[in-house]
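Under my numbering, the residues of the sequence shown are numbered 1 to 198, in order.
Heads up, some of the hints might be wrong.
[Stated by the list, open to error] Pairs of lysine to aspartate or glutamate residues, derived as DMTMM-like cross-links and limited to a Cα-Cα distance of at most 25 Å, are as follows:
| id | residue 1 | residue 2 |
| --- | --- | --- |
| 1 | Lys44 | Glu30 |
| 2 | Lys7 | Glu26 |
| 3 | Lys31 | Asp50 |
| 4 | Lys59 | Glu48 |
| 5 | Lys7 | Glu22 |
| 6 | Lys168 | Glu71 |
| 7 | Lys59 | Glu130 |
| 8 | Lys63 | Asp50 |
| 9 | Lys128 | Glu76 |
| 10 | Lys63 | Glu83 |
| 11 | Lys38 | Glu48 |
| 12 | Lys63 | Glu48 |
| 13 | Lys46 | Glu57 |
| 14 | Lys128 | Glu57 |
| 15 | Lys84 | Glu62 |
| 16 | Lys63 | Glu51 |
| 17 | Lys8 | Glu28 |
| 18 | Lys84 | Glu130 |
| 19 | Lys60 | Glu71 |
| 20 | Lys59 | Glu71 |
| 21 | Lys128 | Glu49 |
| 22 | Lys32 | Glu19 |
| 23 | Lys60 | Glu170 |
| 24 | Lys60 | Glu48 |
| 25 | Lys84 | Glu48 |
| 26 | Lys38 | Glu26 |
| 27 | Lys32 | Glu21 |
| 28 | Lys31 | Glu19 |
| 29 | Lys31 | Glu20 |
[Unchecked claim] Quick list of the computed label-pair ranges, beta carbon to beta carbon:
| id | residue 1 | residue 2 | range |
| --- | --- | --- | --- |
| 30 | Leu142 | Lys168 | 18 to 26 Å |
| 31 | Leu142 | Arg61 | 57 to 65 Å |
| 32 | Arg33 | Asn147 | 29 to 37 Å |
Quick caveat, the hints were computed from the structure, so don't treat them as lab data. Here the structure is a predicted model, which means the values were calculated and not measured. Every residue, glycine too, gets a C-beta built ideally from N, C-alpha and C.
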Amino acid sequence: MIVVMRKKELLRAKKTQREEEERHEEIEREKKRRQQHKTLSSAKAKFEEDEVRRFVEQKKREKEEDRAYLEKLKAEIARDQEEKRARTASELPLIAPSNSTSLPTAVPKTNPTICRLHIRLPSGQSIKGEFGVNEPLSAVMLYVSQNWPNSSTFIDPQSIQLMTSFPKQEFTSEDRNRSLLDLGLCPSAVLMVRQIPQ
Numbered sequence: 001m002i003v004v005m006r007k008k009e010l011l012r013a014k015k016t017q018r019e020e021e022e023r024h025e026e027i028e029r030e031k032k033r034r035q036q037h038k039t040l041s042s043a044k045a046k047f048e049e050d051e052v053r054r055f056v057e058q059k060k061r062e063k064e065e066d067r068a069y070l071e072k073l074k075a076e077i078a079r080d081q082e083e084k085r086a087r088t089a090s091e092l093p094l095i096a097p098s099n100s101t102s103l104p105t106a107v108p109k110t111n112p113t114i115c116r117l118h119i120r121l122p123s124g125q126s127i128k129g130e131f132g133v134n135e136p137l138s139a140v141m142l143y144v145s146q147n148w149p150n151s152s153t154f155i156d157p158q159s160i161q162l163m164t165s166f167p168k169q170e171f172t173s174e175d176r177n178r179s180l181l182d183l184g185l186c187p188s189a190v191l192m193v194r195q196i197p198q
């Protein structure tokens with residue numbers, strides 16, 4: 001009888017010990033789970049913070065690149081206009097001096113017949129083109145698609161959206177049949193290109 005009672009006590013003691021060990025293991029597992037969750041949350045927060053910082057830095061770089069590029073194009077346009085004025089002045093016929101004190105006759109202002117466009121692609125590369133002032137905007141879209149650099153595939157002109165930065169204006173499908181003169185792109189302008197997914 002005593003032996004049976006001692007065996008029961010031993011069994012109860014082992015059961016109590018096992019339950020205590022299991023409770024301790026469960027506490028340790030919960031601590032580890034919380035620590036892992038905390039580590040993952042911290043890593044996720046750091047990743048999101050890094051992503052935001054990279055995005056801001058990228059936008060800042062793009063803005064600086066756009067500003068530098070536009071300054072360069074403005075300088076090129078100014079140089080082209082100066083060269084054009086110089087050529088026009090050199091082509092004017094020489095007028096013999098007159099003793100008359102009458103005022104000089106004003107040279108009539110001619111309307112532009114050529115529209116010179118500087119077109120910047122999403123890659124940062126640029127192309128230039130000359131168009132008739134009465135050509136539609138769709139002609140520029142076709143020209144861009146046919147002169148897209150390093151492209152082995154067909155670029156659909158309908159996937160090309162054109163816009164200006166100064167002043168900011170995005171041309172829509174309703175503008176495709178309007179003339180470059182009507183859109184205010186003559187005698188010269190800078191256009192930016194965005195490729196719309198089809």
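Which numbered hints fail: Numbers 2, 3, 7, 10, 14, 15, 17, 21, 25, 31 and 32 - these are the hints that the structure violates, sorted from lowest upward.
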